[in-house]
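**Student:** Given next are the chains, with one letter for each unit.
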Amino acid sequence: MKKIFFRLLAIVSVVLLARAAYLVLTAPPDPTYASANHDAVIAQLGHLFRQAAYSITWAIQLGYLAWVGLKWSKKPLVESSAADNGRG
Amino acid sequence: MKRAILGLYAAATVGLMAWAYYQAIYVAPDEQTMHEVQRIFYYHVPSAMVAFLFFAISLAGCIGYLALRRNHPTRAQIADAWALAGAEVGVVFCSVVLVTGPLWGRRAWGMWWTWDARLTTTLLLWLIYVSYLLLRRFAAGPQMQTLAAVLGIFGALDVPIVYMSNRWWRTQHPAPVFGGGPDSGIKDPKMLAAFGWNLLAWVAWGLMVLGLRYYVERKKQKAIEREQLEAIGALQA
Chain D
32 MKKIFFRLLA IVSVVLLARA AYLVLTAPPD PTYASANHDA VIAQLGHLFR
82 QAAYSITWAI QLGYLAWVGL KWSKKPLVES SAADNGRG
Chain H
2 MKRAILGLYA AATVGLMAWA YYQAIYVAPD EQTMHEVQRI FYYHVPSAMV
52 AFLFFAISLA GCIGYLALRR NHPTRAQIAD AWALAGAEVG VVFCSVVLVT
102 GPLWGRRAWG MWWTWDARLT TTLLLWLIYV SYLLLRRFAA GPQMQTLAAV
152 LGIFGALDVP IVYMSNRWWR TQHPAPVFGG GPDSGIKDPK MLAAFGWNLL
202 AWVAWGLMVL GLRYYVERKK QKAIEREQLE AIGALQA
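Chains as they are written, first to last, in our numbering: chain D, 32 to 119; chain H, 2 to 238.
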């Protein structure tokens, strides 16, 4: 149950990361000052970048929590710890 | 009982995160020049503050380990577990700062990155602590924890440099929001409240993750101790 929960968190983290990358990569280019819809595009870009920043924050935080959680639920712990210390 | 308290804490933290998000997006007003992109501030600045807090915990753990390792090995292991947990969670928060900063900078300054003092010292801080974690991951032998503790102490020396960098040098990064002179501080009470809630939420979240990481590390240390005792017992038999 614990493992499934943390695996789900890992999947959510990857989805959020992909969402952030998508938002930034598909954002429209900066408008020129002469363009008619300058302010609207700037507002849209601000919105997209804010969403990307929040998504990537949660991707990092949930990804790390999932990593720690999976480490916690891994058994037997002693084998992984020995390998971690270069003694495995 | 302990499990129920931890569950309640986790649930309260998630609730606090949702409330802080609501404050940042729906309650805090738009900043006049940057508009919506300024709301990155509510994740970026608290993350930096929490990273500093956890690097301070790591520093205390490193000093504790070096001070206790000869006479109090069990306490030294506890200090070492705090040092590792603090450094690791600190790196996570510092990574958030280093990713959200360029996203904000791209809209506010028109560029992703510039080698100014605040950004460069923050990147250096992140690199030092990543090398601390890599050292712990790949170095073998009994001296590993001692070497890591020394590196952790040197890493923490960069924290005050990062904090003071936009006071000591002229930087692209804005002047300090708090404690930066008579005109500093957030004037709008709704913005200040949103910032306060987000800071509280990220501290609560960070402490939850830190506690879990510490618990996992202690469990690992105990397993290694058990394994060593069994090996000694087998040799003696």
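Worth flagging that the hints you see were computed from the coordinates, not collected in a lab. Just so it is clear, CB atoms sit at the ideal spot from N, CA and C, and this is done for glycine as well. Do not rely on the hints blindly, as some may be mistaken.
[Claimed, not checked] With a cut-off of at most 20 Å between alpha-carbon atoms, the simulated SDA-like pairs for lysine to any residue come out as follows:
id, chain 1, residue 1, chain 2, residue 2
1, D, 34, H, 200
2, H, 188, H, 171
3, D, 33, D, 98
4, D, 33, H, 228
5, D, 102, H, 220
6, D, 33, H, 7
7, D, 33, H, 14
8, D, 105, H, 228
9, D, 34, D, 96
10, H, 3, H, 220
11, D, 102, H, 212
[Stated by the list, open to error] Label-pair distances were calculated between CB atoms; the ranges are:
id, chain 1, residue 1, chain 2, residue 2, range
12, D, 64, H, 128, 24 to 30 Å
13, H, 76, D, 104, 44 to 50 Å
14, D, 52, H, 178, 44 to 50 Å
15, H, 64, D, 63, 36 to 42 Å
16, H, 236, D, 34, 52 to 58 Å
17, D, 32, H, 212, 41 to 47 Å
18, H, 169, D, 104, 44 to 50 Å
19, H, 138, D, 104, 15 to 21 Å
20, D, 104, H, 57, 25 to 31 Å
21, H, 76, D, 59, 54 to 60 Å
22, H, 186, D, 69, 28 to 34 Å
23, D, 78, H, 136, 51 to 57 Å
24, D, 59, H, 110, 56 to 62 Å
25, D, 56, H, 177, 21 to 27 Å
[To be verified] Facing chain H, a subset of chain D residues (Cβ under 7 Å, in silico):
id, residue
26, 84
27, 96
28, 97
29, 103
**Student:** Between residue 64 of chain D and residue 128 of chain H, does the beta-carbon spacing fit 24 to 30 Å?
**Tutor:** 39 Å, violated
**Student:** Given a hinted range of 51 to 57 Å, is it respected by the beta-carbon distance of residue 78 of chain D and residue 136 of chain H?
**Tutor:** For residue 136 of chain H against residue 78 of chain D, whose Cβ atoms are near 42 Å apart, the range 51 to 57 Å is violated.
**Student:** Would the pair residue 102 of chain D and residue 212 of chain H pass a check requiring their Cα atoms to be no farther apart than 20 Å?
**Tutor:** With a Cα-Cα distance of about 14 Å, the restraint between residue 102 of chain D and residue 212 of chain H holds, given a limit of 20 Å.
**Student:** Would you check whether residue 96 of chain D satisfies its interface hint, that is, whether its CB is within less than 7 Å of any CB in chain H?
**Tutor:** Since the shortest Cβ distance to chain H is 6 Å, the answer is holds.
**Student:** Does residue 14 of chain H sit within 20 Å of residue 33 of chain D, going by the straight-line distance between their CA atoms?
**Tutor:** Holds: residue 33 of chain D and residue 14 of chain H sit about 19 Å apart, inside 20 Å.
**Student:** Given the hint of 56 to 62 Å, is the C-beta distance from residue 59 of chain D to residue 110 of chain H inside that range or not?
**Tutor:** The hint (56 to 62 Å, Cβ to Cβ) is violated, given that residue 59 of chain D and residue 110 of chain H are roughly 19 Å apart.
**Student:** Has the hinted range 54 to 60 Å been met by the Cβ atoms of residue 76 of chain H and residue 59 of chain D?
**Tutor:** At 58 Å between Cβs, range holds.
**Student:** Just to be careful, I want the Cα atoms of residue 34 of chain D and residue 200 of chain H compared with a cutoff of 20 Å; is the pair within it?
**Tutor:** Distance of about 30 Å is beyond 20 Å: violated.
**Student:** Holds or violated: is the Cβ of residue 97 of chain D closer than 7 Å to a Cβ in chain H?
**Tutor:** Hint violated; residue 97 of chain D Cβ to chain H Cβ min 11 Å, cut 7 Å.
**Student:** Just to be careful, I want the Cα atoms of residue 33 of chain D and residue 98 of chain D compared with a cutoff of 20 Å; is the pair within it?
**Tutor:** Distance of about 12 Å is within 20 Å: holds.
**Student:** Residue 103 of chain D was flagged as interface toward chain H. Is the shortest Cβ-Cβ separation under 7 Å?
**Tutor:** 5 Å, holds
**Student:** Is the distance from the Cβ of residue 104 of chain D to the Cβ of residue 57 of chain H consistent with 25 to 31 Å?
**Tutor:** For residue 104 of chain D and residue 57 of chain H the Cβ distance comes to about 30 Å; the hint holds.
Checked against the numbered hints given earlier, this structure breaks hints 1, 2, 4, 12, 13, 14, 15, 16, 17, 23, 24, 25, 28; the rest are met.
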